[in-house]
Amino acid sequence: ETGVTQTPRHLVMGMTNKKSLKCEQHLGHNAMYWYKQSAKKPLELMFVYNFKEQTENNSVPSRFSPECPNSSHLFLHLHTLQPEDSALYLCASSQEAGDPYNEQFFGPGTRLTVL
Amino acid sequence: AQTVTQSQPEMSVQEAETVTLSCTYDTSENNYYLFWYKQPPSRQMILVIRQEAYKQQNATENRFSVNFQKAAKSFSLKISDSQLGDTAMYFCAFMNNNAGNMLTFGGGTRLMVKP
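Same order as they appear, the protein sequences are chains A and B.
All residue numbers for the first sequence refer to the numbering used here, where the first residue is 1 and numbers rise by one.
All residue numbers for the second sequence refer to the numbering used here, where the first residue is 116 and numbers rise by one.
Just to be clear, a hint being listed does not mean it is correct.
[To be verified] Derived DEER-like restraints, expressed as beta-carbon distance ranges:
| # | chain 1 | residue 1 | chain 2 | residue 2 | range |
| --- | --- | --- | --- | --- | --- |
| 1 | B | K193 | A | N70 | 36 to 46 Å |
| 2 | A | T55 | B | S157 | 38 to 48 Å |
| 3 | B | I161 | A | N70 | 24 to 34 Å |
| 4 | A | F51 | B | N213 | 33 to 43 Å |
| 5 | A | L115 | B | N213 | 33 to 43 Å |
[Claimed, not checked] With the C-beta cut set under 7 Å, the calculated list includes, among others, these residues of chain A facing chain B:
| # | residue |
| --- | --- |
| 6 | P42 |
| 7 | L43 |
| 8 | E103 |
Please keep in mind that the hints were generated in silico from the structure rather than gathered at the bench.
All residues carry an ideal CB built from backbone N, CA and C; glycine is no exception.
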């Protein structure tokens with residue numbers, strides 16, 4: 001595997017379910033990001049991790065819980081979601097957060113549908 | 116807070132012709148960076164071009180070039196000799212020099228290149 005991978009690619013869940021999204025980067029980067037891409041809104045940054053430490057939480061509801069066990073893996077734990085949380089969730093990584101010359105590389109996304 | 120506006124939800128162009136995608140932004144900062152990202156139908160977002168606000172010269176990457184008008188807060192993308200593989204969503208994005216690598220995205224323009 002190369003670049004940034006995300007699993008699953010598609011997920012359908014009920015509002016009472018608990019599920020997790022997984023992101024893995026094979027680029028040796030130290031920063032990882034979660035973005036939400038909704039149909040009618042611009043891409044929104046959710047969380048940033050730099051060297052495994054969370055450096056940004058963009059006022060995300062607590063029903064989304066990120067976890068970064070190491071610099072290569074990032075999870076997004078989901079529980080009691082709402083239908084409006086249905087979106088494409090994109091993961092990205094870069095060499096280090098805080099430098100605009102460190103290009104962010106994106107994964108293919110997980111298409112989440114909440115019923 | 117910064118905002119990024121892409122006023123063209125959809126555009127189309129004939130193969131081999133030139134197309135320009137518009138982007139405007141609002142900021143009170145003087146040092147910042149602007150980006151164009153491409154998201155093909157397979158959904159993996161990639162960086163197309165980057166412009167530093169302190170540089171007067173417009174950035175160019177092969178068939179892609181920008182028209183950066185700092186006073187007007189305008190950052191358009193020109194695609195020359197359009198190819199079928201250019202069909203994608205294009206996102207304009209802004210990064211404040213002090214924002215810790217946080218990108219603010221526009222709503223996107225869907226470009227269709229027709230044979």
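Broken hints, numbered, in rising order? The structure breaks hints 2, 4; every other hint is satisfied.
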